[in-house]
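Engineer: One letter stands for each residue in the lines below.
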Amino acid sequence: MTCTRTRGLLAKARGRVPDRSGQPVADTPMSPGDRKADLAALPPDPHRLPPKGSWFGPDAERHLLDRPKFCPMCAADVELGGGISTEYWAADLRVFMTWCGDCGWFGEITRFDIVTITEEEH
Amino acid sequence: MLTVEQNEELTSVGPGTPMGELLRCYWYPIAFEEDFDSVPTKTVRLLGENWTLFKTPKGGKYGIVAEHCPHRRASLTYGVVHEDGIRCGYHGWKFDFDGHCVEQPAESDNQNFRDRVQQKAGKAQTMAGMVWVYVGPSPAPELPRFDVFVMDGVKDCGYTTLPCNWLQIMENSVDPHHVEWLHGHYFEFLGQTHGFDAPKAFQKKHMKTGFEEMEWGILKRRVLEGGTEENDDWKIGHPLVFPYFMRVGGAGINQMQIRVPVDNTTTWTLFFSTHSPKGAEPPKQERPTFYEYLWKDDQGRFITDYVEGQDTMAWVSQGAIIDRSQEHLGRSDAGVAMLRKMFKENMKKVAEGEDPIGTIREPHDRIDLPCEKDKFGAEREFANAWITGGSMRYSPIKQELLDLHENAWAARESAGTSA
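In the order they appear, the protein sequences are chains A and B.
According to the working numbering, the first sequence is numbered sequentially starting from 1.
According to the working numbering, the second sequence is numbered sequentially starting from 123.
Treat the hints with caution; some may be incorrect.
As the list claims (entries may be wrong) - Below, computed lysine-lysine pairings styled on DSBU-like, alpha-carbon distance capped at 35 Å: (1) B:Lys164 <-> B:Lys330; (2) B:Lys164 <-> B:Lys406; (3) A:Lys69 <-> B:Lys495; (4) B:Lys180 <-> B:Lys326; (5) B:Lys357 <-> B:Lys245; (6) A:Lys69 <-> B:Lys471; (7) A:Lys69 <-> B:Lys406; (8) B:Lys495 <-> B:Lys400; (9) B:Lys470 <-> A:Lys52; (10) B:Lys463 <-> A:Lys69; (11) B:Lys183 <-> B:Lys463; (12) B:Lys357 <-> B:Lys470; (13) B:Lys180 <-> B:Lys164; (14) A:Lys52 <-> B:Lys418; (15) A:Lys52 <-> B:Lys330; (16) B:Lys470 <-> B:Lys326; (17) B:Lys418 <-> B:Lys406; (18) B:Lys520 <-> B:Lys471; (19) B:Lys180 <-> B:Lys322; (20) B:Lys495 <-> B:Lys327; (21) B:Lys418 <-> B:Lys471.
Stated by the list, open to error - Examples of chain A residues toward chain B, derived with CB under 7 Å: (22) Gly53; (23) Ala60; (24) Pro68; (25) Leu80; (26) Ile84; (27) Thr86; (28) Glu87; (29) Tyr88; (30) Trp105; (31) Phe112; (32) Thr118.
Honestly, the hints are just simulated from the structure, not real lab data.
Predicted model, so just to flag it, every value in this text is computed and none were measured.
Even for Gly, the Cβ is constructed at its ideal location relative to N, Cα and C.
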């Protein structure tokens, strides 16, 4: 199992940012600079990624980056309090069914690029 | 999709892990009473630990202790069973039902040593022909007497051991769409390929599914094509009984599907059914009928021409432990996400010293679970398909079961109460 070591500024300064030939799939096209900055936001250990070269590794990487970190109700760290966020996809949406271990808030948080509405018949 | 760490946490059942501590708060069937007809002990494995299950020769009382003697680690399964405990065959150390060391023959002058030795021990009881054990913290909760195990009727149970984590089997229980595909269209495909008639009852399209947290777990509902919310499938539904059962039923068959977490990559699965169709006079049974069902053929391929064989193919082919960091769930998997939340919520409760969901501390006679009776709107066909197209096809009493349901149907027909 490949361990994802620190990806913050310190790691970059030491040249320890891993070479990622498998490109993570961003919600929106990103410049290499933006992507690098985005990757730097990855949480430190103990979060690990699937083995290097895994076909769906980039999706797992995006999951680490994009899953909700804080509860929308009480602002506590979702996972630190024992909570969980399971990601599922619906069309272009990425939906995170989230339970806050601190306040018990349970609901869905959705990432989207375009807001799509359906007009009622009129 | 989950993180790698979350997947490990949800699938690790050993002692000291959050999931392991949660799972130790429940009773599990681990053997059959008939296993003890000729021998008084049996090694069983549960939640990543080996245990010696024993039955006293006169009183017929069951006990369970960790398998290896704390003295020099010999197996207590090869020990001497007394009315008040079990003695290691190697040097004679004796343990009572609570694991207290009560005798050390070679250390008779050193009483203090004996008092300092405590073998891990649990509780054991029988119900429905099975021996159930509890290996968690004291005080032990009551053994839940769920309806399927204690109701009148003909009892039949197919079982096998599968090389996969128990959680992926439980997630299947909150995945209603798989019925339409795996047991519907895939079954039909196999029938066309191999020249047999696949049951049609499972092919109905799901129009709507619902998941609701309830007292015992998650209640699952569905509206099938041609049906409405007035049908049993929606109005009543059936529950995943937390943390390792699913109650299903219909057409006079009441079934509890049981997934015992043996260790991280092994699950003992049982399909325990009580047949009590209206209009039938069930024959007396001394004990439920237990038998092993097959899931691999001589070439090592999955046997997929029956319902539980199809499920087994799906569960085992997902891998010993699904890598949930690389799955891609859709909206139809909302029940799966909800179940994971329920596990996390109850791990937290246990860590904080509370009882998890489904803990019962009051003595009781029977717990009735909600479960639809009119299954897929096809009662007679459904009972037949379930017996011939499910694991019950391996039952030594298959023909008796078919006759029971057919005679009940005929009796209801003649009485004008078949609807």
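Engineer: A separate judgement is required for each hint: does it hold in the structure or not?
Structural biologist: Okay, the hints, checked on the actual structure:
no.	hint	in the structure
1	B:Lys164 <-> B:Lys330	46 Å, violated
2	B:Lys164 <-> B:Lys406	29 Å, holds
3	A:Lys69 <-> B:Lys495	44 Å, violated
4	B:Lys180 <-> B:Lys326	54 Å, violated
5	B:Lys357 <-> B:Lys245	38 Å, violated
6	A:Lys69 <-> B:Lys471	22 Å, holds
7	A:Lys69 <-> B:Lys406	59 Å, violated
8	B:Lys495 <-> B:Lys400	11 Å, holds
9	B:Lys470 <-> A:Lys52	32 Å, holds
10	B:Lys463 <-> A:Lys69	16 Å, holds
11	B:Lys183 <-> B:Lys463	39 Å, violated
12	B:Lys357 <-> B:Lys470	32 Å, holds
13	B:Lys180 <-> B:Lys164	17 Å, holds
14	A:Lys52 <-> B:Lys418	33 Å, holds
15	A:Lys52 <-> B:Lys330	39 Å, violated
16	B:Lys470 <-> B:Lys326	39 Å, violated
17	B:Lys418 <-> B:Lys406	33 Å, holds
18	B:Lys520 <-> B:Lys471	44 Å, violated
19	B:Lys180 <-> B:Lys322	52 Å, violated
20	B:Lys495 <-> B:Lys327	19 Å, holds
21	B:Lys418 <-> B:Lys471	40 Å, violated
22	Gly53	12 Å, violated
23	Ala60	4 Å, holds
24	Pro68	13 Å, violated
25	Leu80	12 Å, violated
26	Ile84	4 Å, holds
27	Thr86	4 Å, holds
28	Glu87	4 Å, holds
29	Tyr88	4 Å, holds
30	Trp105	11 Å, violated
31	Phe112	14 Å, violated
32	Thr118	16 Å, violated
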